[in-house]
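Based on the provided sequences and hints, a complete structural model is requested.
Residue 255 is where the sequence shown ends in UniProt numbering, and the numbering goes up by one at each step.
Possibly wrong hints are sitting among the right ones.
Said to hold, decoys possible - Simulated restraints on C-beta separations:
#: 1; residue 1: THR106; residue 2: ALA234; range: 14 to 24 Å
#: 2; residue 1: GLN11; residue 2: PRO100; range: 35 to 45 Å
#: 3; residue 1: GLU37; residue 2: ASN254; range: 39 to 49 Å
#: 4; residue 1: HIS12; residue 2: THR106; range: 36 to 46 Å
Said to hold, decoys possible - Dumping the calculated DSSO-like pairs for lysine-lysine here, alpha-carbon to alpha-carbon at most 30 Å:
#: 5; residue 1: LYS83; residue 2: LYS159
#: 6; residue 1: LYS34; residue 2: LYS159
#: 7; residue 1: LYS159; residue 2: LYS23
#: 8; residue 1: LYS90; residue 2: LYS110
#: 9; residue 1: LYS83; residue 2: LYS35
#: 10; residue 1: LYS23; residue 2: LYS83
#: 11; residue 1: LYS22; residue 2: LYS34
#: 12; residue 1: LYS35; residue 2: LYS23
#: 13; residue 1: LYS175; residue 2: LYS22
#: 14; residue 1: LYS180; residue 2: LYS159
#: 15; residue 1: LYS180; residue 2: LYS34
#: 16; residue 1: LYS90; residue 2: LYS159
Just so you know, these hints were derived from the structure itself, not from any lab. Even glycine gets a Cβ: it sits at the ideal position worked out from N, Cα and C.
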Amino acid sequence: MVHPHSQAYEQHCEGFFLITDKKGSACSYENFVKKCEAFDSQKTGHLDFRGPTVFWNQMFRMFRGVLLEKSRKKGFPLYVIGKDFSLFPKETTFYWDLTPLNKTFTPFLKEQFRDLHNPDNMMPGINTCQLLLGHAMSFTGWHTENVNLPSINCLHSGKPKYWVVVAEKHGELLKAFFRKSMPSFYKKCRAAELSEWDYIITFLGAFHFVVNSGLNVAQATNFAFPEWLPFAKAWEGCTCMYSKSLTAVSSSFNL
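See below:
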């Protein structure tokens, strides 16, 4: 069973959208896929992100299209996030298996949180793998990873995910953009396409958002290494709906 999040947003000004999402009721994976496939078949060919010169026009057209579609359909688009699961075999020597990355946290955790076999020490999506099921035109908002950690995302199957990333050193400029609502700043963002069996790694403290061009299945987790510590200590926290869980995560580390 999966719990799709229905996503909503409103256009604040040209090029600036405010996002909310709501966790919906459980449904079977098969029913979720049927909904995605039905919508994908209606929209085939409507998304074209090839080439930087057309990328942003296509991106904004897509978001405006979602607004129009939402006027006809409720609960659209859908995105399954926050489901702990790995599609890699438990017994594998595959070098790019994400599961062993949970061991990278051990040197930085307080002693009482180092036992990886204790369910109480699991931090969903951080030291466990998270399964992500994307519906056409589903997305994330701008964000950094928990405690400014790096992350890695593998697309197992389906249509591409599109990533837009701003390096940590330009993070203050992005925050200033949010404060002043200056859409022209978007022109300075880098974009990347994640296709089947591609991996994306986000660096420490990097802002990013993701758009799914159609039904896809991906897997993601965080990891840690010594150079992360200064970024973790600089993490300012947040006041979003997830702030309590994020504060609990940060308290597990020796910072």
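Cross-check of the supplied hints:
no. : hint                           : result
1   : THR106 with ALA234: 14 to 24 Å : holds (22 Å)
2   : GLN11 with PRO100: 35 to 45 Å  : holds (43 Å)
3   : GLU37 with ASN254: 39 to 49 Å  : holds (47 Å)
4   : HIS12 with THR106: 36 to 46 Å  : holds (43 Å)
5   : LYS83 with LYS159              : holds (20 Å)
6   : LYS34 with LYS159              : holds (15 Å)
7   : LYS159 with LYS23              : holds (23 Å)
8   : LYS90 with LYS110              : holds (27 Å)
9   : LYS83 with LYS35               : holds (19 Å)
10  : LYS23 with LYS83               : holds (12 Å)
11  : LYS22 with LYS34               : holds (21 Å)
12  : LYS35 with LYS23               : holds (17 Å)
13  : LYS175 with LYS22              : holds (25 Å)
14  : LYS180 with LYS159             : violated (34 Å)
15  : LYS180 with LYS34              : violated (41 Å)
16  : LYS90 with LYS159              : holds (26 Å)
When each numbered hint is compared with the structure, violations occur for hints 14 and 15.
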